Every structure is written in C-alpha cells, then in structure tokens.
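Participant: Keeping their order, the protein sequence lines are chains A and B.
For the first sequence, counting from 1, position 124 maps to 124 in the working numbering; every step adds exactly one.
Counting the second sequence from 1 gives a position; the working numbering is that position plus 1000.
Honestly, I wouldn't trust all of these hints.
[Unchecked claim] Calculated cross-link-like contacts (lysine-lysine; reagent style BS3-like; alpha-carbon spacing at most 25 Å):
#, chain 1, residue 1, chain 2, residue 2
1, B, Lys1056, B, Lys1106
2, A, Lys382, B, Lys1056
3, A, Lys373, A, Lys346
4, B, Lys1075, A, Lys346
5, A, Lys540, B, Lys1088
6, B, Lys1198, B, Lys1156
7, B, Lys1056, A, Lys514
8, B, Lys1075, A, Lys540
9, B, Lys1077, B, Lys1088
10, A, Lys603, A, Lys613
11, A, Lys211, B, Lys1056
12, A, Lys592, A, Lys603
13, B, Lys1012, B, Lys1115
14, A, Lys148, A, Lys180
15, A, Lys425, A, Lys583
16, B, Lys1056, A, Lys540
17, A, Lys565, A, Lys540
18, A, Lys16, A, Lys196
19, A, Lys3, A, Lys148
20, A, Lys196, A, Lys382
21, A, Lys211, B, Lys1156
22, A, Lys540, B, Lys1077
23, B, Lys1156, A, Lys540
24, A, Lys148, A, Lys370
25, A, Lys16, A, Lys52
26, A, Lys16, A, Lys211
27, A, Lys613, A, Lys425
28, B, Lys1106, B, Lys1075
29, A, Lys346, B, Lys1115
30, B, Lys1075, B, Lys1056
31, A, Lys382, A, Lys370
32, B, Lys1106, B, Lys1156
33, A, Lys583, A, Lys604
Simulated from the structure, these hints should not be mistaken for laboratory data.
Only a predicted model underlies this, so the values are computations on that prediction, with no experimental measurement involved.
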Amino acid sequence: MIKSIEELAEKRSSAKSEFYPKRVRISVGMGTCGLANGAGDVFEGIRDEVQKQGLDFVVRQVGCIGFCQMEPIVDVLAPRLPRVFYHHMSPERGRELVSGISEGNFCTKWALARLDQDKLLVELDRPLDGKLNGLASVPTFEQLPFYKDQVKIALRNCGFIDPHDIEEYLAAGGYSALSKVLMEMGPEQIIDTIEKAGLRGRGGGGFVTGKKWRVCRQAPGYPKYIICNGDEGDPGAFMDRSIMESNPYVILEGMTIGAYAIGAEQGYIYVRLEYPLAVENLRSAIKQAREYGLLGESILGTGFGFDVQVSRGAGAFVCGEETALIASLAGYAGEPRTRNVYPAEKGLFGRPTVINNVETWANVPVIINKDWKWFAEIGNDKSKGTKVFSVVGKVRNTGLVEVPMGITLRRIIYDICGGILNERKFKGVQTGGPSGGCLPESVLDLPVDFDRLTEAGSIMGSGGMIVMDDRICVVEVARYFMEFLTRESCGKCTACREGLRQILEVLERITSGKGVPEDIELLEELCLYVRDNSLCGLGKTAANPVLSTLRYFRQEYMAHIEQQKCPAGVCRELTTFRIAPEKCKACGKCIKVCGVEAITGKKKVPHLISEDKCIQCGACREVCPFDAVITV
Amino acid sequence: MALVETVIDGIKIKAERDRWALDVAREMGISIPTLCHHPALEPYGACRLCVVEVTKGERTWLTTSCDLPIREGLKIKTDTPAVIESRKMTLELLWARAPQAEYIQKLAREYGVEKPRFGVCDDLGKCILCGLCVRVCSELVGASAISFTNRGVERKITTPFNASSDSCIGCNACAVVCPTGHILSTDIGLVRHMETWKTELDMVRCQVCGRAYIPAKEFEHIQSKLGEQMALGKICPLCRRSQTAGRLEAASTGTKTELTKIPALFEI
C-alpha cells in the first residue's frame, strides 16, 4: 500500500530500474489478436528455451502494438540496445531467436522494426550506447510507413508494458497525472484543462468531454457515478479492446481523475461479453491498484476515495448506447430511454453520471500531464488530439492506426495502410461501423474529423474503417448492415423496429432482382424517417449505410433495378459469370475451386462456365490470376 | 417548482420546469395522439406518435413530447408538415405490423393513410408493442407477470416461457390500458380466462349477490397491499355501491334499514 504521493515517486524510480534491467527482456504480444495467431505457443516456446539454456532472461507477456497483420509479435529489449520487434513468430522461430541472443547475435531475419528511443511510444528515455550490434539494417519505427504518421496518445504503452504488472505502468510514467491532480489541481481546474484541450468523446458522439464533466459536477444529486463504456460492438472495431487488454491501468487512472473532478466515489467499467481477456486484465489491474493504494478509501493517503468495478454485458450491440448501457448496468433490460435529460444530470440509479468511452478515458492522463495546450495543437480546428482507427478489409496493412484528427482518408488508406490488396481498385470505405456511411473515392481527400465525416454522410463512430475494393457490391453491403441492425435493434421504438424491417425488406427485394424504380424513393423516405424519429443513437444513425450509398452510388442501385445487373458481381440473382477467352490462360485453377463442377476446359483451351450449373459463388473469380472471370 | 417560459404552437406560456410537454400541450387544448402513453405511468417514448418539432437556439429536431421536459426557451410546434409526415409514417408502419388492429387503421385514415405500402406481417395479432400492458403490470400493479421477450423485429410480449403465469393475478389492468384491444379476458362461471396470457384464475363470489366478481389472487394481492388492519370484505362493486347508497339514505333520513346489516367494504 502506497500511502503518499512521495512514496509513489519512490516506487516509480525503483520500478524504472526494474523495467530496464541489466538483463535481456523478451516480451510476447499476447492480446486477443496475438493469441489468435498462436502467441501462446510462442510464449511457451521462448520461456522453455530460456529455462532449458539456463539463461538469465526476463520473459514477459505484453499487449498488442496494433499491427495485426504481423502477429504474433515478439520484442527484445537488451541493455543499452534498441528495442527490436519481430513479426510472424512461431515457437521454432522463438527458440532460434533466444539461441541467437544468448550467443550475442541479434537475428534480423524476422525483424519488423527497431525502437531507438522509447520516446515515441513510452514516456521514458533510456540510455543507449549508440551501437546497433548488427541491427542497422532493421528500419526504425519512424521509417515504417505504417507507424511513420502515427501519433500514439491513447495507445501509448500498449504492447510495451505487462498488463498484469502495475509497476511497469508506473515505470512508464503511469499515475503521474493522478499525483499532479491530487497535489496541485482542484476539480474545476481539471475540468477546465480537459475542456480547453478540446477533448471530445471518442465513442462516436463527439460531445465535448469537459462540458459533460462540468454538467455532472454541477448537477444536484449524490452519489455520482463514473462509467467507462467498453461495450465496443461495431463489427471491425477493436481499439477499445486493445487498450483494455494492453494497458488497463490508463483507464483506471483516467477514471480516477474524472471521479476526483466530478466528485464520484464509485466507477463501473462495462465490458462486452465477447472480451474475456479484457475483463481478466481489467480485474487484475483493479486488484493491483487497490493493493497499491491507487484505488480504495483513501487514495495515496489523501482522503479522496474511489473504487471501480467491472461489469460484463450480455452481448447486445444496443448496450453501447449510453442510456441502454446504464439500464443494463442497473440490472434492467438493455433498452435506451430518450436523452431529453442527459445522464450527466440523471444517469445510473437516477444519479448524475459521467459516461465516457475507453479511448476517451485513455486520453485523460496525458492531457493532465502535458497540459491542454500540447493536446490542442494536435488535430484540426474543431477536433483535437488523435483518433484510433481500426482499419480492416481490403488493405495491405490492417491494424490499429492512431493519427492526428484531420488527416485525410487517403493518407490512412494508402500511405499508412499500404493501399488496396492485390492492386485492385478502391471502391468505398465504411467509417463508423454499421451506423456509419460508405464513402467513395471522390471524398478520399476529406479530413477525418467529427464534423466533416458527418457532413459527408457518415460518422466517426468508434473509429472502425472497413475498406472495400471494386468486388464489393454497395447495395449488398447496405443490406448486410441493415440485417445486422435489424437484429440488434432493441425493438422498443416503432421507428427503429418497424422502419428498419421495411428498409431491409426493400433492400432484399433490390438485391434479389425484384426491385422496382419506386423502391428508391420509398427507401429514401423510410431512411429519413428512421433517422429523424428513432429514440436512440442506434436508430438515428442506422440508416446511414443506405443514405450514404444512395448518395454516392445511386447508379449502382439503378443498375440492380433497371438493368437487372449487379455491377460488382455479388448479388447472385443478378450476376452471370463468364470467362473471357482472350484472357484465359487455361491454368485450370477455376476448375479445381468450383464446387458445383460448372467449369469445363482442357489444357491450352480457354475454359467455359456452364450457366445452368453455376451458382454465382464467385470462387473462380477470386482464384483467377488473370482476371479472366468477368461478369456480363 | 420554478416556472419557465416556453412557446407552444406560437403561444407563449409559463409552465413548471420539467413538466412533460405532452401534458402541458394537452392542458392548452392541443390534441396530440399517443399510443404508449398513460398518465398513471412513467413516460416511455416508444410509439413515436406524439412527436413534435422542437427548436432550441439554432437547433430544430423532432422528438417525442411525452418525455420532453419543459425548459426555458423551448419552442415547440405540434402540427408542422414534418410532424404530420412522421405520424403518417409511424401509423403506416404500425398498420403493416398489426393489420388486424382496427384502431390503428382508424387513426391512420385520419392522417390520410389509405393502405400501407409495405408487406404486412400478421404474427402479433392486434399488438403494436406499445408496452402499456407490461408497464402497468410492473409499475402500477406490481405483479410483473408479463414482459417483452426477444429483441428487435422479433420482439413480442408474453408470460415467462410462454407458459401459464403464476404471477398473473387476473386484474385485467393490461386489457384496460391496451389501445388496440389485443388482450382478451373472459369470465366463464367461476374462472377468469386471461386468454392472451394462457392463464386461468379461480374467482371469488360476492357475499351479497353470489356473483363471481374477482380472481382470488387479485383479492389476496389487494389484501396484502392493504395490510392486516384492513380486512377486505368479499363484496362486489355493484353491491358495494348499493350498500353505500343505502347508508347515505339511512344517514339522511335517520332511519335504520336492512342495508346496514350488509358487510362493510372493510371489516374493521
């Protein structure tokens, strides 16, 4: 138990010397993404090899550094040498790595990048010899296109510290913001700092965080509550999971600062059911924070008390909506209520409640530490700081990308994520998950911030980005998202429940070739009705995928209805595949992959698809190396 | 309670802060249709029929008036084209959802909807999922015998596991508040059949006229709420009324009649 702020400072300096020990430290990225790629075996392989050889190495489990493509990732930190990251590790490669290090040769075969100064990602300087020990050929993080433009604020420390060891967080500068707050700042001053920094809610709404805190602080009612929304439900979004798994302490520190500012004594972290590792890591972090006197009755001996509890969702998308989350947390069915009165005035158990998203809380300690001016300089006019995007889909580099607000979509997709997979053409990017919109090539130079995305017909949402190439049918994408939302709508209000059902029905008609020209008008009318009349955020944004595709890809809808064709070759009833004889090299790949034996052909003779047998699955088109399978 | 100034349909009024806009507007004689609203229950905001157009500062939006608290400077309009269009669509969608509900069709015709343009779905009977029955059962009666099940378009109202309910006291409050007449309840002999909830309840006879008038469970429920001090007499509302009338008469004429021998409502 740490009983004073001075004691905490002492603890930090001793933790620092532990963090950069005189021996080699090997860390394995064991977030859910790493584990899914076999990081567990890699960890065991490395640990066993170290034990077998009797080496004095430290082997640690860390979170993820956000480069999904490269998992499993292992990094090696040797005294006075750059930290080196290795990608695509396997137990064998891990053993080879250990043997190499024990002989003094750093292997560079699977090296992803090196980190000369930890400044970029961890708030820590480290003495280096200037020697690179044969690592000169390994690029630095600043040289990697994926990391070059990234600015890590919310994700800082993720993948660099052990999420089960609070001392590593302390070593990396953790809880210095809380010390600062308790020593020299009053609640009003904290709220001022957060408001002046221009921090806006990262969960999607983009409401000014400082303002929300102020309303809650001034609202009558006791006790007050702090909630962290970790119910990240958007398909393709996983930044909150990464933070909860890789650096749970930063959320606790942020929430503690928030609690001090608004006068709360109890906090809740609501985590979605599908994140068991996040729950485990958060619970262990809370336990340690209590043991260290950083949560509990009198934090750091100051008399200020705050405690946090983890609460698990039950797998409903709508519970990411704050009023539904609050209902669920209080034990009721996860259904929203009208936000004519905000939770900041009347929230959990009818008391004033501040509810912020995981990423928002992760920003708070840095803003306190570095001051609002530093934060307000990052980003653009109305959206400050950085935003984490999870870029998935048809791009070369998938992963978590934290960039300053206002960067263009083009830079994210092409410069950072390496462009479209297999040299195909870019068609659209769905931002903000199923409630967002699908944006075309023409708006790729749009600066990504809260307001401009909304103007373009999409939303920032939680920051999911699904990149689509020209083999994706936008009408089918819209139908897919409507199906998802129809299933996930809670069904409380007529607009969302009945409106979405009818939208889905119209879209199903269009994608199955039964659409009529009047359907477009009906679709628009329904979408605008659902947008303007739904009770909660889910319904209000649910029509975005349809409205945005109608705005940018209307001709594709018309092709489905008038020409009875799906230009992308996705909607089965509207697609006929044929092999272009001049392109076909008769390689036979399509014959092998066809599941219904619809393709015939011999060596050196262009192949043929039998229309009678073909079920339009598109498998032949996927495998054809010459783009010979075309739609007609 | 603090008074605030607000404008409803162009009329400047002073109203208590945080009163519901729907109540204030109705008191002004403005008619706003509702389906999921009941004065005895908490606002719910689900049917979307009571939408109004609200302007605050530079922002104008549609919102339900049943759960809109009156605040200083709100401008509320209850009959703009946007409001009418919205109600029309709501009714059209509900018509498609519950094509048997005559009341919805009547309302929809009032708004100029002749026929829904959508595919109809007929699996809920007359139920429009307004939730009044669920809320009256839990909020007011305190029995919580019925609830919503499933999510989204699959949503429906039923008893736990679709089975006969042990918690239902047969009070008929659900049937009374139902705006479309979906909930059916019939008394046959000594049994009340809550048909919609697949529940049957034994009834108690009136000690005076002998008519079965209340389910035994409802009687016990009321008795348990009243406490031991107030033992409830088994007397039906009709007999109670004539008894009261008799007492009043006796009091005014000063004569004692046979009626006073009838057991009182409360046996104190």
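Participant: Could you work out which of the previously given hints the structure breaks and list their numbers from low to high?
Facilitator: 1, 3, 7, 13, 14, 17, 18, 19, 21, 25, 26, 27, 28 and 29
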